[in-house]
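There are 2 protein chains.
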Amino acid sequence: MSNAAGLRKAVVLVSGGLDSATALYFAKKKGFSCHCLVFDYGQRHVREINAARNVARRAGCPVTILKISLPWKGSSLIDRRRPIPGAAQPQGRVVRAIPDTYVPARNIIFLSFALSYAEAIGARAIFIGANSIDYSGYPDCRPRFYRAFGAVIAQGTRAGVEKKSIKVYTPLLELTKEQIIKLGTLLGVPYELTWSCYKGGGKPCGVCDSCRLRAKGFRQAGMEDPSLR
Amino acid sequence: MSNAAGLRKAVVLVSGGLDSATALYFAKKKGFSCHCLVFDYGQRHVREINAARNVARRAGCPVTILKISLPWKGSSLIDRRRPIPGAAQPQGRVVRAIPDTYVPARNIIFLSFALSYAEAIGARAIFIGANSIDYSGYPDCRPRFYRAFGAVIAQGTRAGVEKKSIKVYTPLLELTKEQIIKLGTLLGVPYELTWSCYKGGGKPCGVCDSCRLRAKGFRQAGMEDPSLR
Numbered sequence: 008m009s010n011a012a013g014l015r016k017a018v019v020l021v022s023g024g025l026d027s028a029t030a031l032y033f034a035k036k037k038g039f040s041c042h043c044l045v046f047d048y049g050q051r052h053v054r055e056i057n058a059a060r061n062v063a064r065r066a067g068c069p070v071t072i073l074k075i076s077l078p079w080k081g082s083s084l085i086d087r088r089r090p091i092p093g094a095a096q097p098q099g100r101v102v103r104a105i106p107d108t109y110v111p112a113r114n115i116i117f118l119s120f121a122l123s124y125a126e127a128i129g130a131r132a133i134f135i136g137a138n139s140i141d142y143s144g145y146p147d148c149r150p151r152f153y154r155a156f157g158a159v160i161a162q163g164t165r166a167g168v169e170k171k172s173i174k175v176y177t178p179l180l181e182l183t184k185e186q187i188i189k190l191g192t193l194l195g196v197p198y199e200l201t202w203s204c205y206k207g208g209g210k211p212c213g214v215c216d217s218c219r220l221r222a223k224g225f226r227q228a229g230m231e232d233p234s235l236r
Numbered sequence: 008m009s010n011a012a013g014l015r016k017a018v019v020l021v022s023g024g025l026d027s028a029t030a031l032y033f034a035k036k037k038g039f040s041c042h043c044l045v046f047d048y049g050q051r052h053v054r055e056i057n058a059a060r061n062v063a064r065r066a067g068c069p070v071t072i073l074k075i076s077l078p079w080k081g082s083s084l085i086d087r088r089r090p091i092p093g094a095a096q097p098q099g100r101v102v103r104a105i106p107d108t109y110v111p112a113r114n115i116i117f118l119s120f121a122l123s124y125a126e127a128i129g130a131r132a133i134f135i136g137a138n139s140i141d142y143s144g145y146p147d148c149r150p151r152f153y154r155a156f157g158a159v160i161a162q163g164t165r166a167g168v169e170k171k172s173i174k175v176y177t178p179l180l181e182l183t184k185e186q187i188i189k190l191g192t193l194l195g196v197p198y199e200l201t202w203s204c205y206k207g208g209g210k211p212c213g214v215c216d217s218c219r220l221r222a223k224g225f226r227q228a229g230m231e232d233p234s235l236r
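In order, the protein sequences belong to chains G and C.
Take 8 as the starting number for the first sequence in the numbering used here and just add one per residue.
Take 8 as the starting number for the second sequence in the numbering used here and just add one per residue.
Isolated chain G (complex conformation) (with noise of 0.2 Å):
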């Protein structure tokens, strides 16, 4: 369904960080009209939701910021009771062991909410900055469970069954830091509002492995991380 401009509309997943923008900027480009999704789900700090609002807004997007309770944590990155993990990784090999940062099944209940939302509105695509290159070796960033996914949605809603099918949109997923960022530079994406790092304070920790996968991005790329200005 096409909205009054007679763009396609699209779901986008925002999470406040690098990857999510540049796919944002990458589904505006394509000619998507797009409706930001942003999860506030208890993550240790808010800076990442309001990234994620100000990086929608920069965009022109409409934004929905919901408001998740997983009580049961499970994740390091909702638990403080559990300390975010430093560099137990060494540097610039792939990470392979999943991760103490892991929630339990949050791509998966992300994706559930940005499908309902797709459903309702009538959009056929949802984009998701999800990455399985330079990335903490989450289950839930991988090629095949977006595979998994898509039959989900064939089998499980009024759109599948009605063949008017929803498609997820993963157009991150097989580059590199540095290739998102290059791409996103060309695509005019305002890294300086994106935030990384999985704990709060003034500016990031340089020491998870979220800082460390963005900070090797910027170097490999040849360019000034503009959020460190």
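There are no misleading hints in this set.
One copy or two, either will do: identical chains are not told apart, so a pair holds if it fits within one copy or between any two.
Below, a list of computed lysine to any residue pairs in the SDA-like style, where the Cα atoms sit at most 20 Å apart: (1) K80 - R131; (2) K170 - D107; (3) K74 - Y48; (4) K35 - Y176; (5) K74 - G49; (6) K80 - S172; (7) K16 - K170; (8) K35 - G67; (9) K171 - R151; (10) K80 - P69; (11) K80 - A127; (12) K174 - Q162.
In short, the hints are calculated from the structure, not lab data.
Position chain C relative to chain G; hints supplied.
Showing chain C alone in chain G's frame:
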């Protein structure tokens, strides 16, 4: 993972209706230590949530009530501006069209949370009282949807990757309402505590799809519905 008493843990989705109550008592009978999960998702009335809480308490199981927001609505079940359909479908006939009470991606969202909960507490089982025989024609109540969701668990969770996969049990999927009620009666399900009507009010409307399916089930089982006493 087992609890202190050596019982295997399960997460059970409890809605307040008779199907999920039967699924809960079935899981208990199978020897699971059940953790009930109830959603407050903007249903038209709180009767359903109160019924779910009462059923879980009667079963002696811990219950978590999660409030989730679906601001895009897209269903007469959660949008007060849309009427609940009445007896639009001829009684006794299997309903094929997807009615307006379908909530976009609802069971996918519910299962995603149940999956997160199960992973966090080390449960290897999720029970849901979905039924594809005497049902309203929802796509997320069909066997093929549950098969597809199984693949998502295998590919998108830590449990799946580590080959400790979590299984979704749908013990009522292929039973008629009559068979469900007879099974539940044997299991001691307190049907007097359950609530099926899509509308609120002091007593069930008797007209909505859910009321009609329930009434048909009790009639065919040759029993009086204890909630109408």
